[in-house]
Amino acid sequence: MSTLELRSIEKKFDQTQVIHGVDLQVADGEFVVFVGPSGCGKSTLLRMIAGLDVPTSGELLIDGQRVNEVGAADRGCAMVFQSYALYPHMTVYANMAFGLENAKVPKDEIARKVQEAATLLRLDSLLQRRPTQLSGGQRQRVAIGRAIVRSPKIFLFDEPLSNLDAELRVSMRSELRELHQRLGATMVYVTHDQVEAMTMADKIVVLRAGRIEQVGSPQTLYEKPCNTFVAGFIGSPRMNFMPVASVLSLASDLPQGAVQVGVRPEHWQPCSAGEGVALTVKGSEYLGAQRLVHALLADGTPIELLLDGEGQLAAGQVVHMRVQAHHIHAFDANEQRLGRTCA
Amino acid sequence: MRILDFLLRTRGRGRLHWTDVLSYGYLFLGLVVMFAPVLWLLMSSFKSEAAIGQFPPTFLPYQQKTVSVAGQNKPLPLFTVTQDDGTTRQMAQISRIGIMATMVDPAVPEQTVQVNIQQRQPVNELRFAWNNYSDLFGKFTFSKYLWNSVFITVAATLLTLLFNSMAAFALSKYKFKGQKAVFLLIIATLMIPPTIILVPVFLVINQAGLLNSLWGVILPAVATPTGVFLLRQYMLTIPDELLEAARMDHASEWRIYWRIVLPLSAPALAVLAIFSVMWRWNDFLLPLIVLSRNEFFTLQLALNSFQGELNTQWHYLLAMTVITLLPVTLVFAFLQRYITTGIASAGVK
Chain A
1 MSTLELRSIE KKFDQTQVIH GVDLQVADGE FVVFVGPSGC GKSTLLRMIA
51 GLDVPTSGEL LIDGQRVNEV GAADRGCAMV FQSYALYPHM TVYANMAFGL
101 ENAKVPKDEI ARKVQEAATL LRLDSLLQRR PTQLSGGQRQ RVAIGRAIVR
151 SPKIFLFDEP LSNLDAELRV SMRSELRELH QRLGATMVYV THDQVEAMTM
201 ADKIVVLRAG RIEQVGSPQT LYEKPCNTFV AGFIGSPRMN FMPVASVLSL
251 ASDLPQGAVQ VGVRPEHWQP CSAGEGVALT VKGSEYLGAQ RLVHALLADG
301 TPIELLLDGE GQLAAGQVVH MRVQAHHIHA FDANEQRLGR TCA
Chain B
1001 MRILDFLLRT RGRGRLHWTD VLSYGYLFLG LVVMFAPVLW LLMSSFKSEA
1051 AIGQFPPTFL PYQQKTVSVA GQNKPLPLFT VTQDDGTTRQ MAQISRIGIM
1101 ATMVDPAVPE QTVQVNIQQR QPVNELRFAW NNYSDLFGKF TFSKYLWNSV
1151 FITVAATLLT LLFNSMAAFA LSKYKFKGQK AVFLLIIATL MIPPTIILVP
1201 VFLVINQAGL LNSLWGVILP AVATPTGVFL LRQYMLTIPD ELLEAARMDH
1251 ASEWRIYWRI VLPLSAPALA VLAIFSVMWR WNDFLLPLIV LSRNEFFTLQ
1301 LALNSFQGEL NTQWHYLLAM TVITLLPVTL VFAFLQRYIT TGIASAGVK
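First to last, the sequence lines map onto chains A and B.
Going by our numbering, the first sequence opens with residue 1, and the numbers climb by one from there.
Going by our numbering, the second sequence opens with residue 1001, and the numbers climb by one from there.
A hint or two may mislead.
Straight-line C-alpha distance at most 30 Å; calculated DSSO-like pairs for lysine-lysine [said to hold, decoys possible]:
#	chain 1	residue 1	chain 2	residue 2
1	A	K12	B	K1177
2	A	K282	A	K203
3	A	K153	A	K12
4	B	K1173	A	K104
5	A	K12	B	K1173
6	B	K1177	A	K104
7	A	K153	A	K113
8	B	K1180	A	K12
9	B	K1173	A	K153
10	A	K107	A	K153
11	A	K153	A	K203
12	A	K12	B	K1175
13	A	K12	A	K203
14	A	K203	A	K224
To be clear, the hints were calculated from the coordinates, so they are not data collected in a lab.
Bear in mind that the values here come from a model prediction, so they are computed numbers and not experimental data.
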């Protein structure tokens, strides 16, 4: 059992407030991803959970116990750093054993635990190497191995995949996912990459400027974003935002007070003239199965559409598009979601 | 072979460019100016007492040849004697009174001859007086001095590394109030020449009862601003994430220092170790005021005391000087690459 709870956590560095009262509950065994643009405070939040930074105010609870005053070493968390932070002068084995040695674990037990973790992460043949002799992916696995051997209550990952190339990142993503299922441990993962967040998380926490914008499963965030920020941040390519006045023909039953309408590029459907809205094509990118089309609304708002890969669209051509009613997101003047509530 | 190629590189292809002549000439001059006195010292340290006093001096250690002659107790010095008829003959000298010497032909020991000293030339041979060195270890409690020097150097260097690295660790990796002020204070002491604080240091050592104790030389030298500065600059380059990772790994601050920071500062520590060895080994002033009893003398003090008021045994003095030079030379020769790399990476100019 290892739950995590944040109660109105605030953090100030000198006079700048970087975290503005964050409340969050993480259940046992959950894989939570903090996502947000750089500088939104997600890493600071993670460091406070780890005990490397101290919250200015608020309460941090692990397993229901207040841990604000508990040092990093005694919180039972293990962290994987963005730079891996492997000890360069120690072998892979020593790197993984260091934490256990500090905890005064008997030698034979250390050897057994390190061996176990090494087998799990396919590091058996690398135990006597030094970090400089390893590839990026191997270093990554050593860093994870170092976290695993201590069987921590909570795993913390600080953008662990950002230094890997695209291909390796995809495979490590599924490996981490698998690891989470096997260990069943609580994990908190920080990333700025919404794709990583969508593919890995049980629960995503979207942060902006030190505040939580929305917490929910990937599907909830995709289908019912709370505001234009979350709507724009989650999903790729980005959601299109259009002024209501320009798209009255798209939907008849927009809620009262709607100022903006959002439609995801993949939800546009071609229709006959007279229905939907008319768009002037500016250009298109062929992606294989799909085609990303750049177009303009009558009032000049740029729109992106993900259409079938087949068929040609010439620049200047006018196309007619419609969207199913449940794919239309309406936002009010404060950029908050209208109509169907977000949860 | 590659070294030779390197040393003999020229700018002109096949023949010497005028810049080659100039630079080789300049380098050679530098070599002579810097190396000749040391070489002369080394050669002289192998000369016998008599050979050192010889005029004109020779570069190589020549010694007069001696022969054993039947009927004489000691080996006699050999001379080439020019006889009245112009022929020369090798004879040994038994004794000399004024300008006349009593000489004997080693082949005919019964027959002695009187020879004017103008008519004879000593027969010299190249011989290294190793006993200058071997005598030292038997005589004069030399080994005691050597031990004192080695003990002071090793102990002071180890303590310097330990304390300076701890100070540097705190100054580079912890954020606390007055951190900058403390650092500046330490650096500021670089501006005070050691001679100025000599008297206060002496008083403190005296009060602490460390006069005539090797620790009286070791302890005042342990904290060096240069060392703290050098190590701090280097430790700043160690990523904080490593320390944080260690903290997450349940390591105490002491363990972080001992297992993470110290090993990673090895290049800077090597530089400081070299400096410290040179400083402590060559130190003269502090030992001079702290150690006044003969049995606590370091090599440097012993060298000084060897120059007697009336009589200086130059052959021993020179041999001792060479031995004194050796450790620093060796340390420098083998570790100088650490100095350059270490200084470069420590950001110290």
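Verification of the hints:
1. K12/A to K1177/B: Holds - the C-alpha atoms of K1177/B and K12/A are around 18 Å apart, at most 30 Å.
2. K282/A to K203/A: Judged against 30 Å, a Cα distance of about 38 Å means the pair is violated.
3. K153/A to K12/A: 27 Å, holds
4. K1173/B to K104/A: 25 Å, holds
5. K12/A to K1173/B: Between K12/A and K1173/B the Cα gap is close to 21 Å, so the pair holds against 30 Å.
6. K1177/B to K104/A: 34 Å, violated
7. K153/A to K113/A: 16 Å, holds
8. K1180/B to K12/A: Holds - the C-alpha atoms of K12/A and K1180/B are around 22 Å apart, at most 30 Å.
9. K1173/B to K153/A: 28 Å, holds
10. K107/A to K153/A: 22 Å, holds
11. K153/A to K203/A: 18 Å, holds
12. K12/A to K1175/B: 16 Å, holds
13. K12/A to K203/A: 26 Å, holds
14. K203/A to K224/A: With a Cα-Cα distance of about 14 Å, the restraint between K203/A and K224/A holds, given a limit of 30 Å.
In the structure shown, a violation is registered for the earlier hints numbered 2 and 6, in ascending order.
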